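Asker: Sequence:
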Amino acid sequence: MALASLAALLLVVAALMLASSATRAQGAESVRQAVLSAAMQCCAVEGSYPSTLEHLEEHYGLSVNHNDYVILYEAFASNVAPTVTVVPR
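When we follow my numbering, the leftmost residue of the sequence shown carries the number 18, and every step to the right adds one.
Be a bit skeptical, because a hint or two may be false.
What the hints assert, rightly or not - Derived CB-CB ranges, DEER-like: (1) E74 with A24: 39 to 49 angstroms; (2) I88 with S65: 13 to 23 angstroms; (3) A31 with P105: 45 to 55 angstroms; (4) S54 with A21: 47 to 57 angstroms; (5) N84 with A19: 39 to 49 angstroms.
Everything labelled a hint here was simulated from the structure, so no lab data went into it.
From a predicted model like this one, the values you see are computed outputs, not experimental measurements.
Virtual Cβ for every residue (Gly too), placed ideally from N, Cα, C.
With these hints in hand, go ahead and build the complete structure from the sequences.
Answerer: The following block contains the structure:
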C-alpha cells in the first residue's frame, strides 16, 4: 500500500515538472515572437531592422521580463531580420 502511494506521488510530481517545463518553453516562444514582431514593425516604420533589443524596448513598447528570460538578439545587418533566441532562466 505504501509503495503504491509513493509511486502515485512520484507520478504526480513528474507530471507537474513536465507541465512546468512545457509552460516555460511556451513562454519563451511567445517572448521570441513578440521580439520578432516588434523588429518587423520597426523595419516597416524606419526602413531597417533595429540593431539592439533596447531600441525596441524604448521606442516600440516591447516589455520583456529579463528576470525570467535571457534574450539573445543578434542583428547581422539593417536589411536582414535579426536572430532571436530566448531561454528561460
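Asker: Next step is simple, just say for each hint if it's right about the structure.
Answerer: Comparing the hints with the structure gives:
| no. | hint | verdict |
| --- | --- | --- |
| 1 | E74 with A24: 39 to 49 angstroms | holds (48 angstroms) |
| 2 | I88 with S65: 13 to 23 angstroms | holds (20 angstroms) |
| 3 | A31 with P105: 45 to 55 angstroms | violated (19 angstroms) |
| 4 | S54 with A21: 47 to 57 angstroms | holds (49 angstroms) |
| 5 | N84 with A19: 39 to 49 angstroms | holds (41 angstroms) |
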